[in-house]
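Q: Sequence:
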Amino acid sequence: MTTHRTVQGLRHLTDQYARDGVVCVRDLVTPDLLARVAAAIDDNLAAPSVLAQVASRDDDPGRFVEDFCNWQRFPAYLELAHATARVARALMGSSTVRLYHDHLLVKEAGTHQPTPWHQDQPYYDVDGRQVISMWLPVDPVPRDASLEFVAGSHQGPWLMPRTFMRNEAKWFPEGSLAEVPNVEADRDGHPIVGWALQPGDAVFFHGLSLHSSRGSTDRRRVVSIRYLGDDAQRVERAWRCSPPIPLDATFPLLNPV
-18 MTTHRTVQGL
-8 RHLTDQYARD
2 GVVCVRDLVT
12 PDLLARVAAA
22 IDDNLAAPSV
32 LAQVASRDDD
42 PGRFVEDFCN
52 WQRFPAYLEL
62 AHATARVARA
72 LMGSSTVRLY
82 HDHLLVKEAG
92 THQPTPWHQD
102 QPYYDVDGRQ
112 VISMWLPVDP
122 VPRDASLEFV
132 AGSHQGPWLM
142 PRTFMRNEAK
152 WFPEGSLAEV
162 PNVEADRDGH
172 PIVGWALQPG
182 DAVFFHGLSL
192 HSSRGSTDRR
202 RVVSIRYLGD
212 DAQRVERAWR
222 CSPPIPLDAT
232 FPLLNPV
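Counted the way our numbering counts, the sequence shown spans residues -18 to 238.
Just so you know, the hints here were simulated from the structure itself, not pulled from any lab data.
Treat the hints loosely; a few may be bogus.
Estimated spans, in silico, between C-beta atoms of each pair [unchecked claim]:
{"no.": "1", "residue 1": "P138", "residue 2": "R218", "range": "12 to 20 Å"}
{"no.": "2", "residue 1": "A219", "residue 2": "R54", "range": "27 to 35 Å"}
{"no.": "3", "residue 1": "P95", "residue 2": "A33", "range": "13 to 21 Å"}
For every residue, glycine included, the Cβ atom is placed at its ideal position computed from N, Cα and C.
Go ahead and model the full structure; you've got the sequences and the hints to work with.
A: Shown next, in the form of structure tokens:
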């Protein structure tokens, strides 16, 4: 058994997810799995893949590092995907759950770079409603450094994906999608939700949920697992997606535990 606690109130979670597009699940994985994931993160940072990138500016006193698609190099990422797949499948209302990709997100202590408001799915080469992410920290994350969401935004529409630092439209032509609203300019006008998290807590959110996060005073190491359900289909885009996954790639069918 790799889940630390039997997930209680799954029906309540699915109702909340249907309404808000995001839920928080506390104490989801065992301490031993959490330790293996933390070790894998540090090994990943020491040996980044060709997809790794620094997503903070050169003058940032901290550093924001991302990497993608490393589950074949670091078995703890795949183990984490299996251990959390039960919740993902239930929230999607899917009969199956597949691993789309893993995503490493590390904000070193003192990082100022925020993650701007965005949806994930427009960056992908995937269509369908059953696309979900799990975001799990191995360090404590205070509320002001955690993910924030606009509740209900998963209902759509798709919003224009842009590069985080230069605000460039590289994925869809200018004007082809609605722009992301300026949530920060009207925070009281949006139903913003978020949680302080302890290591092993997890946030699950829809691929179209509008979300963001600020910088981090302390080190914040996170692994996010992206899952596909029954109706999620790969589509060929005319541009390089993020992450760029070959069309002939296979996606492991996960065995929820």
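Q: Return the numbers of the hints above that this structure violates; sort them in rising order.
A: none
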